[in-house]
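A.B. asks: Residue-level listing of the chains:
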Amino acid sequence: MRKKKQGFRRPVIIKKPKQPQEQPSVDPITGKKIPKSFVFSRGKLPAPLKQLQMDLRKLMLPYTALSLREKKRNNLRDFLNVAGPMGVTHFFILSKTATSPYLRVATTPQGPTLTFKIHEYSLAADIARSQLHPRCPKDLFKSSALIVLSGFVSGDPPLQLTTNMFQNIFPTIDVKTVKLSTCQRIVLLNYNKDTKLIDFRHYSIRLQPVGVSRRIRKLVQSHQVPDLRNLLDVSNFVTKAGYGSESEADEEAATVTLSSDIGRVNRASTKSAVKLHEVGPRMTLQLVRIEKGLCSGEVLFSEYGKAGGKGKSDDEMQGEEDEEDQDGEHPEDSED
Amino acid sequence: MAEEMTMVEPGRGKRKFFKKQGHKKSSNKAKVMPPQHGQKKVKIDKKMKKLFRKRAREYNSDDEDEEATVPATSEPKGLASITNKRNDEDDTESEDGSEDEGAAGPQKTWNKNATDMNNHSSDDEGEDDNEIQPGITKFTEGCRAFKMAFKNIMQKSVPDDMLGPILSGQRKLVVDKLAEEEAESKVKGEAKKEKKMLAEKGHVKPATYLDSHEKFLISVATKGVVKLFNAVNKAQTAQKGLNPSRTKDAKEIRKRTKQAFFSELGKPSLPAIGTTTKAKESTDRVEDEQPAWAPLRDNYMLTSSRLKDWDKMPDKNVSDDMGKTSEDSSSDED
Numbered sequence: 001m002r003k004k005k006q007g008f009r010r011p012v013i014i015k016k017p018k019q020p021q022e023q024p025s026v027d028p029i030t031g032k033k034i035p036k037s038f039v040f041s042r043g044k045l046p047a048p049l050k051q052l053q054m055d056l057r058k059l060m061l062p063y064t065a066l067s068l069r070e071k072k073r074n075n076l077r078d079f080l081n082v083a084g085p086m087g088v089t090h091f092f093i094l095s096k097t098a099t100s101p102y103l104r105v106a107t108t109p110q111g112p113t114l115t116f117k118i119h120e121y122s123l124a125a126d127i128a129r130s131q132l133h134p135r136c137p138k139d140l141f142k143s144s145a146l147i148v149l150s151g152f153v154s155g156d157p158p159l160q161l162t163t164n165m166f167q168n169i170f171p172t173i174d175v176k177t178v179k180l181s182t183c184q185r186i187v188l189l190n191y192n193k194d195t196k197l198i199d200f201r202h203y204s205i206r207l208q209p210v211g212v213s214r215r216i217r218k219l220v221q222s223h224q225v226p227d228l229r230n231l232l233d234v235s236n237f238v239t240k241a242g243y244g245s246e247s248e249a250d251e252e253a254a255t256v257t258l259s260s261d262i263g264r265v266n267r268a269s270t271k272s273a274v275k276l277h278e279v280g281p282r283m284t285l286q287l288v289r290i291e292k293g294l295c296s297g298e299v300l301f302s303e304y305g306k307a308g309g310k311g312k313s314d315d316e317m318q319g320e321e322d323e324e325d326q327d328g329e330h331p332e333d334s335e336d
Numbered sequence: 001m002a003e004e005m006t007m008v009e010p011g012r013g014k015r016k017f018f019k020k021q022g023h024k025k026s027s028n029k030a031k032v033m034p035p036q037h038g039q040k041k042v043k044i045d046k047k048m049k050k051l052f053r054k055r056a057r058e059y060n061s062d063d064e065d066e067e068a069t070v071p072a073t074s075e076p077k078g079l080a081s082i083t084n085k086r087n088d089e090d091d092t093e094s095e096d097g098s099e100d101e102g103a104a105g106p107q108k109t110w111n112k113n114a115t116d117m118n119n120h121s122s123d124d125e126g127e128d129d130n131e132i133q134p135g136i137t138k139f140t141e142g143c144r145a146f147k148m149a150f151k152n153i154m155q156k157s158v159p160d161d162m163l164g165p166i167l168s169g170q171r172k173l174v175v176d177k178l179a180e181e182e183a184e185s186k187v188k189g190e191a192k193k194e195k196k197m198l199a200e201k202g203h204v205k206p207a208t209y210l211d212s213h214e215k216f217l218i219s220v221a222t223k224g225v226v227k228l229f230n231a232v233n234k235a236q237t238a239q240k241g242l243n244p245s246r247t248k249d250a251k252e253i254r255k256r257t258k259q260a261f262f263s264e265l266g267k268p269s270l271p272a273i274g275t276t277t278k279a280k281e282s283t284d285r286v287e288d289e290q291p292a293w294a295p296l297r298d299n300y301m302l303t304s305s306r307l308k309d310w311d312k313m314p315d316k317n318v319s320d321d322m323g324k325t326s327e328d329s330s331s332d333e334d
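Keeping their order, the protein sequence lines are chains A and B. With the UniProt record's numbering applied, the first sequence has no gaps in its numbers, which climb one by one up to 336 at the end. With the UniProt record's numbering applied, the second sequence has no gaps in its numbers, which climb one by one up to 334 at the end.
Chain A extracted, bound-state conformation (with noise of 0.2 Å):
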C-alpha cells in the first residue's frame, strides 16, 4: 500500500528564473563598436509628438530605451552621464515650438548635432489604419533596420555630413556572415534638390517565392485549409489557375536569389520576389543647422544664416572631414 500511494506522487519541479540576455556592446566578428541610441524629448510634448517618440524608438530597436523616462528636472547632462557606461552613441532630441516640431540627432559625447524640422509627419498607428492588410510578424523589431540613402550624391558638405551620421546610426553590417533573415526593416532616406526636403520612411521585407502558383503559395504561406467544395478532386486545386491582381506580376528587378533559407518558403539558391510594406512612422525633414557640440558650440551650417557666417563654416567643415577620414572606414564598409 505505502508503495502505491509514494508512486502517486508528482515530482517537484523547481524552475530556475531566466537572466535577461545582455546585448554585446562590441560586433564579435567585425571587432567594432555597435550603435545604441537614446530618444527623448525636451519640454512638453503633445500626444501626437509622444507617440512619434515612441514609434521613434520602436524604430532604433533593439539597440535603445524602449522604456526610457525623463522628468522636468532632468537636463543634458543627465543624459549624458548615463549614455557613458551604457556605451550609448547617439540621441534623438524631440522638441515643440509654435512654429513646427524639431528632431535633433547628435552623436554623444561631443557632437556634431543636426538640427531637422519636421514639415510633416504621421505616426505608425496612422499608417497602419490606412493599409488594407497592415504587416506586424512578431520577429519585425528582433534585429535592427537596414538604411539605405539616396539622392545625397551632391558633394556638400553639410549632405555628406549628415550621410555620415546616418550610416553611423545603424551598426554596419558585414557581407559575408550576415544572415538574410535577420534583415527584416529597411530605413529609406530620400533627399530631394529642389526643395532640400528629406523623405524618411520605415519599410518591412517581405520574401515571396517566384514561379510557384498563387494558391499553392498561399496554401504554404497560410496555415488555413483550403475550401475545396466546388472541387471535384485534388488535383483541381493544383491545376486550376487562380486569378493574380496586377500588382501581384513579379519584375525582374525585384527578384533576388537567396544564399540561405528564410522561413519556410523562401530556400536557399531559388529566386524569391522583394515585397516591401510600409511599417511607418514617416516624416519629412529639411536640415536647418549643424552644431559642432552636443546642443551646442559653433554653428557650422545654418539655412539661415549670414553669407559670412556660411564661408566660415565652409572651412571648418573641411577639417571635420579631415578628422572623419582619420577616424574609421564606418563609410567604405557599408555597402548601401
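Rather than coming from a laboratory, the hints here were simulated on the basis of the structure. The reader is advised that the hints may include incorrect statements.
[Said to hold, decoys possible] In silico SDA-like cross-links for lysine to any residue, where the CA-CA straight-line distance does not exceed 25 Å:
| id | chain 1 | residue 1 | chain 2 | residue 2 |
| --- | --- | --- | --- | --- |
| 1 | A | K292 | A | K176 |
| 2 | B | K223 | A | S150 |
| 3 | B | K227 | A | K292 |
| 4 | A | K218 | A | K292 |
| 5 | A | K176 | B | K227 |
| 6 | B | K193 | A | A47 |
| 7 | B | K227 | A | Q167 |
[As the list claims (entries may be wrong)] Beyond 10 Å from chain B on every Cβ pair, some chain A residues (computed):
| id | residue |
| --- | --- |
| 8 | F40 |
| 9 | Q53 |
| 10 | K58 |
| 11 | R73 |
| 12 | N81 |
| 13 | G87 |
| 14 | G111 |
| 15 | I118 |
| 16 | L123 |
| 17 | L228 |
| 18 | V299 |
Even glycine gets a Cβ: it sits at the ideal position worked out from N, Cα and C.
Could you slot chain B onto chain A? The hints should help.
C.D. replies: Showing chain B alone in chain A's frame:
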C-alpha cells in the same frame, strides 16, 4: 349654542373640584355650599340663572386673588400648593382678556350688579369655567390668525418673469451673469481649438492609396534591398567554395561560378548546359584513375553514375531535377 355648551361643562367640573377639595381641606365648606344652591333654584328662573353665572365668572377672578394671599400666610410650609395656585391665577388672567374682547358693554353692568348678591356661589362656578375655557380659546385664536395670514399671501398677484421669481433689484444682475458665462464659454472653446491646432501641427494622415511619390520611394528602397541581397549572395557563395580542403579549391570555385552563370541565364537554357557540365566532370575523373588501384573503384562508380544519367535523360522534368540534385551531392562528397 356656545353658551349652552359652557353651561353643561362647568357642571361636571364642579363635581370633580368638590371631590379634590374634600380630600385636602375641611368639610365645613362643603356643608355650607348646598343650602345656597337650593335657595337659588326655588327663587330664580332659568334665564336669571344664566345671567348670574356670567356675572359670577368675573367676580371669581377677584375672589381667587384674595384666597391666594390668605393660604400663604396660614400655611407657609406647603410650597407645592403655592405654585399650583399661582398657575391658576395665570389661567384666570388669560380668560379675563378673552372675555373682555368677546363681551359687550352692557354685560359689564350686569356683572357689577350681581356681585353684591352671589359672592359665595360665584366662587365655585368661576373656578370650574376657568379650567375648561383656555384650550378652546387658544385653538380658535391660532386658526383665525393662520387663516388671515394665508389669505393675505394668496391674494397677492406676482408678475410672471422668464427668469422666475427673483427680487426686482437682482433681475439685471442675473441677466449680466448669464451673458458673462456665455462669453467665457466661447473664449474657452476657442482657446481649446487653438491648443489642438498647435498640437496637431505637422501631423498628417496618410492617404489610403499610394501616390506617385510613394511609389517612387518604394521602388528606390526595393532597389536598395535587391542590391544588398545580391551582394550578400555573391559573397557567401564564394565563401562556401573556400570551405573544403585546399587541394580542390580551384575545381569547386569553377563549379560555383558556373552555377552562378546558369542562374543568371535563367531556366530554359539549363538542360543544354547540364550536358556540358557532365562531360567536364567525366574528363576530371579519368585523370584520377591512372595513379593507383583505388581509382579503379572510382571507375566502377563512374560507370554506375553514367548508367543512372542515361536512364533519367528520356524521362520527364521531375527526373531531370533529380539528376541535378544527385550531381550536387556527388560534387559535395568529392
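A.B. asks: State for each hint whether it applies.
C.D. replies: Structure-based check of each hint:
1. K292/A / K176/A: 36 Å, violated
2. K223/B / S150/A: 11 Å, holds
3. K227/B / K292/A: 35 Å, violated
4. K218/A / K292/A: 54 Å, violated
5. K176/A / K227/B: 14 Å, holds
6. K193/B / A47/A: It holds: about 15 Å lies between the C-alpha atoms, which stays within 25 Å.
7. K227/B / Q167/A: Distance of about 17 Å is within 25 Å: holds.
8. F40: 19 Å, holds
9. Q53: 13 Å, holds
10. K58: The assertion about K58/A holds, with a minimum of 18 Å to chain B.
11. R73: Non-interface label stands for R73/A: nearest chain B Cβ at 24 Å, farther than 10 Å.
12. N81: 32 Å, holds
13. G87: 26 Å, holds
14. G111: 26 Å, holds
15. I118: With a cut-off of 10 Å, I118/A comes too close to chain B, as the shortest Cβ separation is near 6 Å.
16. L123: Not fine: 8 Å to the nearest Cβ puts L123/A too close to chain B.
17. L228: 25 Å, holds
18. V299: 24 Å, holds
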